[in-house]
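Spelled out, the chains give:
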Amino acid sequence: MKRGPLFWAQLSVTLLASLFLTVPIALTILTAFAANAFRGLSSGLTMDWIGKVLNVYGETILRSFYLALAALAVCIFCGVPVAYAFVRFTRCRLSALLEESLVLPLSVPGIAVGLGILLFWGTVNWFRHSWLFILAGHVIYCLPFMVRSVTAVLRVAPLDVQEEAARTMGASFWGRFFGIVVPAASPGVIAGSLQVLTLSMGEFNISWMLQTPFTRTLPVGLADSYASMRLEIGAAYTVVFFALIVPLLIFTQKIPALVDRLRHGRDSGRAKIKG
Amino acid sequence: MTNKTLTGLLFVPALTIFSAFFLLPLARLAAESVDGPRGMAIYAQIITNHRYFRSLQDTVVISVLVTLASVAVGGAAGLFLGRNVFKGRDFLVALLTLPISFPGVVVGFMIIELAGRQGLIGSLTDNILGTKVVFAYSALGLFTGYLYFSVPRVVATAMATAGKLDQSLEEAARVLGASPWRVLIDVTIPGLLPALISTGAICFATSIGAFGTAFTLATDINVLPIIIYTEFTLSANIVSAAMLSLVLGVVTWLALFLARLVTGTALTGSSA
Chain Z
358 MKRGPLFWAQ
368 LSVTLLASLF
378 LTVPIALTIL
388 TAFAANAFRG
398 LSSGLTMDWI
408 GKVLNVYGET
418 ILRSFYLALA
428 ALAVCIFCGV
438 PVAYAFVRFT
448 RCRLSALLEE
458 SLVLPLSVPG
468 IAVGLGILLF
478 WGTVNWFRHS
488 WLFILAGHVI
498 YCLPFMVRSV
508 TAVLRVAPLD
518 VQEEAARTMG
528 ASFWGRFFGI
538 VVPAASPGVI
548 AGSLQVLTLS
558 MGEFNISWML
568 QTPFTRTLPV
578 GLADSYASMR
588 LEIGAAYTVV
598 FFALIVPLLI
608 FTQKIPALVD
618 RLRHGRDSGR
628 AKIKG
Chain Y
40 MTNKTLTGLL
50 FVPALTIFSA
60 FFLLPLARLA
70 AESVDGPRGM
80 AIYAQIITNH
90 RYFRSLQDTV
100 VISVLVTLAS
110 VAVGGAAGLF
120 LGRNVFKGRD
130 FLVALLTLPI
140 SFPGVVVGFM
150 IIELAGRQGL
160 IGSLTDNILG
170 TKVVFAYSAL
180 GLFTGYLYFS
190 VPRVVATAMA
200 TAGKLDQSLE
210 EAARVLGASP
220 WRVLIDVTIP
230 GLLPALISTG
240 AICFATSIGA
250 FGTAFTLATD
260 INVLPIIIYT
270 EFTLSANIVS
280 AAMLSLVLGV
290 VTWLALFLAR
300 LVTGTALTGS
310 SA
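Going down the list, the protein sequences come from chains Z and Y. Count along the first sequence starting at 1, add 357, and that's the number in my numbering. Count along the second sequence starting at 1, add 39, and that's the number in my numbering.
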């Protein structure tokens with residue numbers, strides 16, 4: 358095809374957009390390793406800022422990490438069963454309504470969800486001051502992604518046939534749930550898990566509303582460093598955050614191909630048994 | 040227990056969490072908002088209180104502008120990447136979609152790096168023009184920040200949709216003698232429209248509820264999420280904070296609902 362002006366216009370927009378998105382990231386990385394951001398790279402490179410961040414904010418990094426894992430555990434524990442129930446009760450009105458409602462937290466701004474949790478649960482003292490308080494907010498915000506991802510996978514899985522076969526061979530309800538449903542859901546669980554981890558690690562709005570000095574997460578610490586520390590420290594902290602989150606994002610981008618391979622692997626396995 | 044009861048039991052964990060940490064807190068928010076001396080009349084404040092009304096206006100205007108700009112930019116880039124195969128394409132796609140889940144605070148910092156007091160644009164203009172251009176902390180800075188987290192979302196959606204569109208329609212238009220621009224305007228864009236409307240609605244919803252970016256930039260225009268935060272923390276005005284939270288929630292939900300009505304697909308926002 359001939360490359361007309363339209364092609365070049367689109368190409369320029371694409372390149373400008375990627376510059377717009379990447380230049381600030383590059384600047385942040387430069388600032389994080391420059392001895393003095395104001396004088397730029399000529400001032401020399403240093404790891405001091407990263408070291409300082411780990412020193413001052415190390416706790417928030419670890420906390421976010423554990424919190425993300427805990428949120429993931431709760432999301433799997435609640436999300437997989439409910440996703441299966443949604444698929445089983447597809448024709449039930451009430452179930453459809455519930456499925457709709459469960460994603461509502463994504464249409465309500467985080468600051469409002471945070472305020473609601475604070476007003477309702479803020480008086481329960483032990484809870485208010487524990488990390489579980491933040492966890493509650495994260496779970497509400499992350500659960501829809503797990504449920505959506507697992508429901509999508511289960512909707513297209515041949516559950517009816519397999520469950521019927523297992524039942525006639527005497528498998529119990531829980532036997533079927535753990536032997537058939539959970540394995541069938543696994544590609545959805547993997548995709549959903551990556552989303553949950555990424556979202557929980559980066560969640561700010563709810564965490565900021567719910568924080569106490571002892572429950573600060575990485576993004577809460579980031580906001581604090583941006584407001585009160587020199588630019589280099591903010592940048593170094595951001596780079597640490599990138600180092601944690603970018604691998605997750607790259608995995609997420611590769612997920613469709615990965616799931617495909619998983620599915621094919623299973624199909625070929627099945628073919629072998631049949632043959 | 041029958042299978043049906045057992046399956047019903049599977050609803051329990053998720054519903055417990057959902058009720059405890061979403062439904063009940065929202066109900067409390069609603070109850071709290073009408074708990075003041077004014078009762079329901081508090082909701083009139085969104086119009087009568089000058090500061091609130093101004094903030095609502097600013098928030099909606101900036102969100103609309105960001106939505107239009109990111110749909111235009113992201114739509115063009117997404118269409119381009121969805122239709123052309125070239126060396127380095129995958130790399131460009133990765134670059135353009137990577138910031139998709141950067142939190143709002145980080146996006147705020149990106150804008151400070153770009154256009155803040157020690158930012159790139161500032162030092163470039165200082166060297167070239169002799170005056171330092173700093174716009175990170177103005178309405179333009181906020182706009183740029185919102186654009187930063189909106190564009191990747193539109194790119195991802197437009198790219199996926201462009202790949203799925205039936206290209207034979209465009210081919211037919213071309214064979215019948217339509218110019219590339221005509222094909223774009225009459226065939227390609229209408230094909231992309233439902234996807235663009237839904238991703239646009241998500242951008243709007245995200246921008247309207249965005250807190251982290253405005254918080255980091257500490258801009259001179261007060262968007263609604265910032266007003267809610269200051270009403271609650273600085274003025275301990277829980278009634279107004281709860282009322283404004285609900286107004287914000289309803290506006291967001293309404294935007295997503297309308298887009299869904301138009302396009303017929305389920306949408307959910309995300310937070311920044």
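Simulated from the structure, these hints should not be mistaken for laboratory data. Don't be surprised by glycine CBs; every beta carbon is placed ideally from N, CA and C. Take these hints with a grain of salt, some might be off.
With beta-carbon atoms standing in for the labels, derived distance ranges [claimed, not checked]:
no.	chain 1	residue 1	chain 2	residue 2	range
1	Y	Arg93	Z	Pro570	31 to 39 Å
2	Y	Thr41	Z	Pro515	20 to 28 Å
3	Z	Leu451	Y	Leu104	51 to 59 Å
4	Y	Gly169	Z	Thr379	22 to 30 Å
5	Y	Leu273	Z	Arg360	52 to 60 Å
6	Y	Phe92	Z	Gln519	54 to 62 Å
7	Y	Val103	Z	Asp517	20 to 28 Å
8	Y	Gly127	Z	Ala453	38 to 46 Å
9	Y	Asn88	Z	Ala453	14 to 22 Å
10	Z	Ser399	Y	Val124	54 to 62 Å
11	Z	Thr447	Y	Leu215	41 to 49 Å
12	Z	Gln519	Y	Pro52	21 to 29 Å
13	Z	Thr447	Y	Ala211	54 to 62 Å
How the hints compare with the structure:
1. Between Arg93 (chain Y) and Pro570 (chain Z) the beta carbons are some 34 Å apart, a value that agrees with the proposed interval 31 to 39 Å.
2. In this structure, Thr41 (chain Y) and Pro515 (chain Z) meet the distance hint of 20 to 28 Å, their C-beta atoms being roughly 23 Å apart.
3. The given range of 51 to 59 Å is broken by Leu451 (chain Z) and Leu104 (chain Y), whose C-beta atoms sit roughly 41 Å from each other.
4. As the Cβ distance of Gly169 (chain Y) to Thr379 (chain Z) is approximately 28 Å, the hint placing it in 22 to 30 Å holds.
5. A hinted range of 52 to 60 Å for the beta carbons of Leu273 (chain Y) and Arg360 (chain Z) is consistent with their spacing of about 57 Å.
6. Checked against the given bound of 54 to 62 Å, the beta carbons of Phe92 (chain Y) and Gln519 (chain Z), roughly 58 Å apart, stay inside it.
7. Here the CB-CB span from Val103 (chain Y) to Asp517 (chain Z) is close to 47 Å, at odds with the stated 20 to 28 Å.
8. Our hint of 38 to 46 Å for Gly127 (chain Y) and Ala453 (chain Z) holds, since their Cβ atoms are close to 45 Å apart.
9. Evaluation of the 14 to 22 Å hint for Asn88 (chain Y) and Ala453 (chain Z) yields a failure: the beta carbon distance comes to about 39 Å.
10. In this structure the supplied range 54 to 62 Å is violated for Ser399 (chain Z) paired with Val124 (chain Y), their Cβ-Cβ distance being about 41 Å.
11. A C-beta distance of roughly 44 Å is found between Thr447 (chain Z) and Leu215 (chain Y), which places it inside the suggested range of 41 to 49 Å.
12. Taking 21 to 29 Å as the suggested C-beta distance range, the pair Gln519 (chain Z) and Pro52 (chain Y) conforms, at roughly 24 Å.
13. Distance hint check: the CB atoms of Thr447 (chain Z) and Ala211 (chain Y) are about 39 Å apart, inconsistent with the given range 54 to 62 Å.
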